[in-house]
Amino acid sequence: MVLSRVPVTAKKYDFDGKPNQSFSAVSCSQENIATFINKIKASPWFKDTVIVVSSDHLAMNNTAWKYLNKQDRNNLFFVIRGDKPQQETLAVKRNTMDNGATVLDILGGDNYLGLGRSSLSGQSNVGNLPQYQRENIGVEAGYHPPVEIP
Numbered sequence: 098m099v100l101s102r103v104p105v106t107a108k109k110y111d112f113d114g115k116p117n118q119s120f121s122a123v124s125c126s127q128e129n130i131a132t133f134i135n136k137i138k139a140s141p142w143f144k145d146t147v148i149v150v151s152s153d154h155l156a157m158n159n160t161a162w163k164y165l166n167k168q169d170r171n172n173l174f175f176v177i178r179g180d181k182p183q184q185e186t187l188a189v190k191r192n193t194m195d196n197g198a199t200v201l202d203i204l205g206g207d208n209y210l211g212l213g214r215s216s217l218s219g220q221s222n223v224g225n226l227p228q229y230q231r232e233n234i235g236v237e238a239g240y241h242p243p244v245e246i247p
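Numbering-wise, the sequence shown is residues 98 to 247 according to our numbering.
Keep in mind the hints are simulated off the structure, nothing from the lab.
Computed from a predicted structure; not experimentally measured.
Any given hint could turn out to be false.
Said to hold, decoys possible - Straight line, CA to CA, 30 Å or less: simulated DSBU-like cross-link-like pairs of lysine-lysine: (1) K109 - K136; (2) K144 - K181; (3) K115 - K181; (4) K136 - K181; (5) K163 - K115; (6) K181 - K109; (7) K181 - K167; (8) K109 - K144; (9) K109 - K138; (10) K138 - K167.
Claimed, not checked - Quick list of the computed label-pair ranges, beta carbon to beta carbon: (11) S218 - G114: 47 to 55 Å; (12) I137 - L165: 23 to 31 Å; (13) P141 - M194: 28 to 36 Å; (14) Q168 - G205: 31 to 39 Å; (15) K144 - G114: 27 to 35 Å; (16) K167 - T193: 36 to 44 Å; (17) G205 - Y164: 39 to 47 Å.
Glycine is no exception: its CB is placed at the ideal position from the N, C-alpha and C atoms.
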């Protein structure tokens, strides 16, 4: 969730002496998400809740682009479980296709979903995707067929 317009009450961020609406929008979104998560955590139903926060891309070309590309960045994926409040960080090679399988695993289901594998109990297929594309789809990695618009 990223806001396209920054509310008047949002904090403003300057970079190189100029206002940067992209950073201000992200900051405002982060504050809204944190408020929402804290509201859920304060609920009596939190013990039966799994909160999943995930990004699907690093950034679009915007007013923060030149600053962001200078940093080492990764997509965000984290889970807050009401039934297990301990914190743990897993440094495993994964991609966004593994998100659904990881959540399914947390909920007591299988540890795989399509091409995704649970980051808790399986090894990601992230390194096998080019081979999968060649063997099952018949195309090389990076090939995107033309989109036909009727």
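Hint check:
{"no.": "1", "hint": "K109 - K136", "in the structure": "holds (25 Å)"}
{"no.": "2", "hint": "K144 - K181", "in the structure": "holds (8 Å)"}
{"no.": "3", "hint": "K115 - K181", "in the structure": "violated (44 Å)"}
{"no.": "4", "hint": "K136 - K181", "in the structure": "holds (18 Å)"}
{"no.": "5", "hint": "K163 - K115", "in the structure": "holds (14 Å)"}
{"no.": "6", "hint": "K181 - K109", "in the structure": "violated (36 Å)"}
{"no.": "7", "hint": "K181 - K167", "in the structure": "violated (36 Å)"}
{"no.": "8", "hint": "K109 - K144", "in the structure": "violated (36 Å)"}
{"no.": "9", "hint": "K109 - K138", "in the structure": "holds (28 Å)"}
{"no.": "10", "hint": "K138 - K167", "in the structure": "violated (35 Å)"}
{"no.": "11", "hint": "S218 - G114: 47 to 55 Å", "in the structure": "holds (50 Å)"}
{"no.": "12", "hint": "I137 - L165: 23 to 31 Å", "in the structure": "holds (29 Å)"}
{"no.": "13", "hint": "P141 - M194: 28 to 36 Å", "in the structure": "holds (34 Å)"}
{"no.": "14", "hint": "Q168 - G205: 31 to 39 Å", "in the structure": "holds (37 Å)"}
{"no.": "15", "hint": "K144 - G114: 27 to 35 Å", "in the structure": "violated (48 Å)"}
{"no.": "16", "hint": "K167 - T193: 36 to 44 Å", "in the structure": "violated (23 Å)"}
{"no.": "17", "hint": "G205 - Y164: 39 to 47 Å", "in the structure": "holds (42 Å)"}
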